[in-house]
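Going down the list, the sequences are from chains G and A. Residue 1 is where the first sequence starts when you use the numbering used here, and the numbers rise one by one after that. Residue 1 is where the second sequence starts when you use the numbering used here, and the numbers rise one by one after that.
Keep in mind that the hints were calculated from the coordinates and are not lab data. Since the model is a prediction, treat every value here as computed from it, not as a measurement. Don't be surprised by glycine CBs; every beta carbon is placed ideally from N, CA and C. Treat each hint with caution, since some may be false.
[Claimed, not checked] Cut-off 20 angstroms, straight-line C-alpha distance, at most; resulting in silico cross-link-like pairs (DMTMM-like, lysine to aspartate or glutamate):
hint	chain 1	residue 1	chain 2	residue 2
1	A	Lys3	A	Asp47
2	A	Lys99	A	Asp87
3	A	Lys99	A	Asp47
4	A	Lys3	A	Glu36
5	A	Lys3	G	Glu38
6	A	Lys3	G	Asp50
7	A	Lys99	A	Glu36
8	A	Lys99	G	Glu33
9	A	Lys3	A	Asp60
10	A	Lys3	G	Glu41
11	G	Lys237	G	Glu41
12	G	Lys189	G	Asp266
13	G	Lys237	G	Asp27
14	A	Lys99	G	Glu38
15	G	Lys189	G	Glu265
[Claimed, not checked] Among chain A residues calculated to face chain G with C-beta under 8 angstroms, some are:
hint	residue
16	Met1
17	Gln20
18	Glu32
19	Leu34
20	Glu36
21	Pro40
22	Ala49
23	Ala51
24	Asn80
25	Gly82
26	Asp87
27	Arg105
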Amino acid sequence: MTAVTANANSLSWYEASARQRIDALVDAGSFAEFIGPELREISPHLAIFDLPEQFDDGIVIGRGRLDGAPVLVAAQEGRFMGGAFGEVHGAKLTGLLRAARALEQDVLILFDTGGVRLQEANAGELAIAEIMRAVIEARRAGVNVIGLIGGRAGCYGGGSLIAGTCSRLIVSEQGRLSVSGPEVIETNKGIEEFDSRDRALVWRTMGGKHRYLIGGADTFVDDEALAFREAAINALKAGRRCDVTVLEAEQTRLERRLQRFGAAEDAVEIWERLGIDQPTEIPGLPTGAFLRAAANRENADDAR
Amino acid sequence: MEKLSFRLTAARSAGGTRAQAIVGVVASGNLEVLLERSHPADTCTIDIATAAHGFGAVWDAVVRDFVARRSAGGLRISINDGGARPDTVALRLAQGIRKIEEPER
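Generate the whole structure from the sequences, applying the supplied hints.
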């Protein structure tokens with residue numbers, strides 16, 4: 001067996017492409033792609049709308065090694081159609097998760113998505129449902145499914161639902177996780193409810209720091225590929241259960257959280273109630289100081 | 001989408017041993033370039049699907065310049081274009097050549 005090495009160069013997770021993220025995440029040279037671009041498994045729907053296609057339909061799947069251990073990996077390309085799920089894109093992830101269950105190999109999902117692709121919405125919605133089922137079935141069989149969130153498209157819509165079924169979530173400050181995106185909320189509820197152009201509001205409501213503080217993510221890391229790699233290695237060490245006891249405990253936790261913070265008008269109020277000394281300073285804190293300030297955060301459990 | 005195809009004679013064949021390489025992403029002002037080693041060493045084909053219609057003459061100039069300057073022989077090049085500028089196209093093509101020539105790990 002060859003020595004385990006990572007690609008040591010500094011790489012911003014946020015700026016990187018799906019393929020660069022995979023290369024930086026798994027052991028150097030260990031990645032082998034399934035259904036690569038040369039097979040041209042493109043969307044059957046985009047041509048109808050005269051829209052550009054991408055040879056991998058915006059998702060790269062395959063196998064690799066993480067610190068020597070075999071893992072299956074999927075990475076969404078957030079710059080192609082906002083990383084959105086279509087028929088082929090979704091089927092590739094469903095297939096990978098079913099393989100994970102059959103092979104009993106852990107899975108890393110590198111989310112970077114606005115949700116379902118509007119041009120193939122029915123196929124996309126079905127894909128989300130199939131993927132969530134496949135995640136749960138894999139977890140029930142003892143497989144870890146780790147979500148990594150830190151891309152430019154964030155993790156929205158159906159992608160956020162899938163993230164909710166993962167065994168662990170790793171997030172950076174740049175990562176955003178929410179069912180409805182800023183523009184969707186503003187369109188439906190008005191600018192007084194949510195001003196999507198207020199970047200500070202978007203990040204303190206949906207961003208990685210807030211998600212970590214309220215137990216919506218398990219691990220908070222710098223926007224750095226090596227930090228995501230280290231966090232993924234650690235996440236795989238924690239064996240995770242997925243049974244009715246875990247889900248009931250999570251339900252209790254979420255009810256308690258709603259009671260505790262449900263009346264808050266803004267994330268800063270929630271941070272105050274968490275006992276953070278200077279809650280308005282949270283967005284500006286570097287990672288180390290933030291993690292110290294977050295000592296009394298809501299814990300994320302096996303489900304969320 | 002407008003589809004364009006070029007079949008050019010290349011003076012130099014692509015180096016390295018990789019069977020294929022892919023660079024770029026399909027987004028506004030960007031493109032993906034898939035390179036596959038599947039032609040005789042003196043031939044390069046380039047197939048383009050582009051969202052920007054009516055720029056055939058510009059593509060013709062860019063791909064001829066590319067094949068004249070770089071070692072592109074033997075390559076089947078496929079492009080999905082989201083309306084990239086000619087300079088971006090030229091850089092992506094050069095990046096693709098560099099990628100397929102990288103030593104295999």
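So, going through the hints one by one against the coordinates:
1. Lys3(A) x Asp47(A): 7 angstroms, holds
2. Lys99(A) x Asp87(A): 18 angstroms, holds
3. Lys99(A) x Asp47(A): Roughly 19 angstroms separates the two Cα atoms, so the pair holds.
4. Lys3(A) x Glu36(A): Within the cut-off at roughly 19 angstroms; holds.
5. Lys3(A) x Glu38(G): 18 angstroms, holds
6. Lys3(A) x Asp50(G): Roughly 12 angstroms between the alpha carbons, so the hint for Lys3(A) and Asp50(G) holds.
7. Lys99(A) x Glu36(A): Holds, at roughly 11 angstroms.
8. Lys99(A) x Glu33(G): Holds, at about 16 angstroms.
9. Lys3(A) x Asp60(A): 12 angstroms, holds
10. Lys3(A) x Glu41(G): 18 angstroms, holds
11. Lys237(G) x Glu41(G): 34 angstroms, violated
12. Lys189(G) x Asp266(G): 16 angstroms, holds
13. Lys237(G) x Asp27(G): 16 angstroms, holds
14. Lys99(A) x Glu38(G): 15 angstroms, holds
15. Lys189(G) x Glu265(G): 15 angstroms, holds
16. Met1: OK, holds: Met1(A) within 8 angstroms of chain G, min 6 angstroms.
17. Gln20: 5 angstroms, holds
18. Glu32: 6 angstroms, holds
19. Leu34: 5 angstroms, holds
20. Glu36: Since chain G brings a Cβ to about 6 angstroms from Glu36(A), closer than 8 angstroms, the hint holds.
21. Pro40: Since chain G brings no Cβ nearer than about 19 angstroms to Pro40(A), farther than 8 angstroms, the hint is violated.
22. Ala49: Holds, because the Cβ-Cβ distance from Ala49(A) to chain G comes to roughly 7 angstroms (cut-off 8 angstroms).
23. Ala51: For Ala51(A), the interface hint holds, since the closest Cβ of chain G sits about 5 angstroms away, which is under 8 angstroms.
24. Asn80: 5 angstroms, holds
25. Gly82: 5 angstroms, holds
26. Asp87: With Cβ-Cβ at 19 angstroms, over 8 angstroms, it is violated.
27. Arg105: 4 angstroms, holds
Violated hints, in rising order: 11, 21, 26; the structure is consistent with all others.
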